[in-house]
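Chemist: For reference, the chains in residue letters:
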Amino acid sequence: MKKQVFDLSPGSRITGKWNGRTYTTIKKLGAGACGTVFLCRSEQGDTYALKVGEDSSRMMLEVNMLKKFSKVQGVKLGPSFVDVDDWINPSGRSFPFYVMEYVDGTPLPEFLKGKTKDWVGIFAIQLLTDLENLHHAGYVFGDLKTENLLISSSRVRWIDVGGVTAIGRAIKEYTEFYDRGYWNLGSRKAEATYDLFAVTMIMMEMGYPKRFDKGSHPYKTLESKLASSSVLKPYRRIIQQCWKGKIQNAADMKRALSDILMKRSGTNSSRVQKRRSAKESENRELATLTLTAGVVFGVSVLSFFL
Amino acid sequence: MKPGRIKQILLLTDGCSNHGEDPVVVAALARNQGITVNVIGVLDDRQNGKPQGLEEVESIAEAGGGVSQIVYQKSLSQTVQMVTRQAMTQTIQGVVNKELQEILGKNQTIEELPPEQRGEVVEVVDELGESSDLEVLVLVDTSASMHHKLPTVKEALFDLSLSLNARSGSNQFSVYAFPDPKKTITKMVDWTPELGEIHGIFSKLNSGGYTPTGPALKEAVYAFAGKPLMERMRNEEDPYEETGF
Numbered sequence: 000m001k002k003q004v005f006d007l008s009p010g011s012r013i014t015g016k017w018n019g020r021t022y023t024t025i026k027k028l029g030a031g032a033c034g035t036v037f038l039c040r041s042e043q044g045d046t047y048a049l050k051v052g053e054d055s056s057r058m059m060l061e062v063n064m065l066k067k068f069s070k071v072q073g074v075k076l077g078p079s080f081v082d083v084d085d086w087i088n089p090s091g092r093s094f095p096f097y098v099m100e101y102v103d104g105t106p107l108p109e110f111l112k113g114k115t116k117d118w119v120g121i122f123a124i125q126l127l128t129d130l131e132n133l134h135h136a137g138y139v140f141g142d143l144k145t146e147n148l149l150i151s152s153s154r155v156r157w158i159d160v161g162g163v164t165a166i167g168r169a170i171k172e173y174t175e176f177y178d179r180g181y182w183n184l185g186s187r188k189a190e191a192t193y194d195l196f197a198v199t200m201i202m203m204e205m206g207y208p209k210r211f212d213k214g215s216h217p218y219k220t221l222e223s224k225l226a227s228s229s230v231l232k233p234y235r236r237i238i239q240q241c242w243k244g245k246i247q248n249a250a251d252m253k254r255a256l257s258d259i260l261m262k263r264s265g266t267n268s269s270r271v272q273k274r275r276s277a278k279e280s281e282n283r284e285l286a287t288l289t290l291t292a293g294v295v296f297g298v299s300v301l302s303f304f305l
Numbered sequence: 000m001k002p003g004r005i006k007q008i009l010l011l012t013d014g015c016s017n018h019g020e021d022p023v024v025v026a027a028l029a030r031n032q033g034i035t036v037n038v039i040g041v042l043d044d045r046q047n048g049k050p051q052g053l054e055e056v057e058s059i060a061e062a063g064g065g066v067s068q069i070v071y072q073k074s075l076s077q078t079v080q081m082v083t084r085q086a087m088t089q090t091i092q093g094v095v096n097k098e099l100q101e102i103l104g105k106n107q108t109i110e111e112l113p114p115e116q117r118g119e120v121v122e123v124v125d126e127l128g129e130s131s132d133l134e135v136l137v138l139v140d141t142s143a144s145m146h147h148k149l150p151t152v153k154e155a156l157f158d159l160s161l162s163l164n165a166r167s168g169s170n171q172f173s174v175y176a177f178p179d180p181k182k183t184i185t186k187m188v189d190w191t192p193e194l195g196e197i198h199g200i201f202s203k204l205n206s207g208g209y210t211p212t213g214p215a216l217k218e219a220v221y222a223f224a225g226k227p228l229m230e231r232m233r234n235e236e237d238p239y240e241e242t243g244f
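Heads up: the protein sequence lines correspond to chains A and B, in order. FYI, the numbering for the first sequence is 0 to 305, going by numbering that gives the first Met the number 0. FYI, the numbering for the second sequence is 0 to 244, going by numbering that gives the first Met the number 0.
No lab work stands behind these hints, which were simulated from the structure alone. Be aware that a few hints might be false.
As the list claims (entries may be wrong) - Straight-line Cα separation of at most 20 Å, DMTMM-like style, residue types lysine to aspartate or glutamate; simulated pairs:
1) A:Lys253 <-> A:Asp117
2) B:Lys73 <-> A:Asp84
3) A:Lys67 <-> B:Glu119
4) A:Lys219 <-> B:Glu115
5) A:Lys67 <-> A:Glu100
6) A:Lys16 <-> B:Glu115
Keep in mind the model is a prediction, meaning the values are calculated, not measured.
Sequences are here, hints too, so could you generate the full structure?
Modeler: Here it is as structure tokens:
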């Protein structure tokens, strides 16, 4: 169970034993639970993300998922699958690796820094749109957390599909903060509602970037954290409904969120307009004042010469 | 392939055994009986570095064909379920590898298959992990230094039951504590499909200053064998029984 970290220096060449393709590493992108991900270049000069690990079975299950979800009904859900192979390292040991599309983007917390409350909702809606597609295909995301998400050209992208689980099966990979089982709010069976709970926790994280523990009364902790965050205020009711199991699918949650956003941006824009018109009238006053002053000044200068 | 019954002993301890037979030997014995031994070493949250005596954790699991991990209390829940699952997968992989060797010849394992076929085989292994029946005997070291960790242990066991009961296969859990001055181990919870109602567990404990891990493990193996007769008869048709894992 020892976690091996692969420290391949930039420029290392990884050649597959079966397919014979070679990839040259550019830099390390990150280390996950079962492997290390590198940015790499293929022989054709394309850049990809390459994951190398030790647990061949687990890596293979991930590949199976990637293959399945590179495209679900024409919608791209995960990174596209490129290649899978084994690499024999210089000392003769075999390591499984796979290659996928490189998603270049900004981590969610960074993206949301300095953005308005509305973005929390907008982002959640995007996420729910993808989840809706995935659920329709008969799967749940499972290990849904901010680390597994990137914002790439203003759109949310999933970068790790290792936790994707067929509906009705047991969730095997999860992160406690986002796991409803940890909060005593449901089972670890793969159901649409399992993902919806994780979405609420991603929203909670927007209010509490450092996350928090459950304490001795998990539900009370959640309630009080929710109540004392101003960022989450507009979404309070929806999040609570979700926790109480009153929202059963991604489409319903999406609808509820967009209702709020439409209402909010409505009031917002009118307020902005009011402010803008106030400013405009101020400007007009100022202009008139300058003009008058100018005229008076001009007249006085003129009268001085006369 | 028909899903079988997987048997595991999960040992939770925080130190080195200092009484009776060698737990590593007993673990090897358990493995021969078709019971996998997993070991989790539980550290104090304030503890720094690797304390002495915990090397044993790895050796016991290795001899018992299982998985070991040393963790801080706060990550105990997640580790308990991960270790149990990983050991299950290992057992199933062992059985699948054996089948592969029968079909494809010696030394053929899942890892050595070309990626395409490997992809299909891991799906089968995964499916078996979901549907196999599982029996876990949890053996908890309740010696003095473990006392304040027991609430965390209790929580972790509840969590384990939550994880495993999300599977479609059936589960049986039992919990034993050691040391016990008279019987070496004390039964805390008899075989049950859920570890939800274990309030009051670990409340009446008597512990001496010794840690008889070896004898306790042995008693745990007997406890498996001593299951009701009907159960044993059913187990005799168990395909995993003879695999030696």
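Chemist: Given the hinted pair B:Lys73 and A:Asp84, is their Cα-Cα distance within 20 Å?
Modeler: Violated. B:Lys73 to A:Asp84 sits at ~37 Å, over the 20 Å cutoff.
Chemist: Take a quick look at whether A:Lys219 and B:Glu115 sit within 20 Å of each other, Cα to Cα.
Modeler: Since the Cα atoms of A:Lys219 and B:Glu115 sit roughly 49 Å apart, the hinted pair is violated (cutoff 20 Å).
Chemist: Taken at face value, is the distance from the CA of A:Glu100 to the CA of A:Lys67 at most 20 Å?
Modeler: holds (14 Å)
Chemist: Taking only the CA atoms, is the gap from A:Lys67 to B:Glu119 under or equal to 20 Å?
Modeler: At roughly 13 Å apart (the allowed maximum being 20 Å), B:Glu119 and A:Lys67 satisfy the hint.
Chemist: Going straight from one Cα to the other, do A:Lys253 and A:Asp117 come out at no more than 20 Å?
Modeler: The given pair, whose Cα atoms are some 14 Å apart, holds under the 20 Å limit.
Chemist: Given the hinted pair A:Lys16 and B:Glu115, is their Cα-Cα distance within 20 Å?
Modeler: Roughly 13 Å between the alpha carbons, so the hint for A:Lys16 and B:Glu115 holds.
The structure fails to meet hints 2, 4 from the earlier list, while all remaining hints are met.
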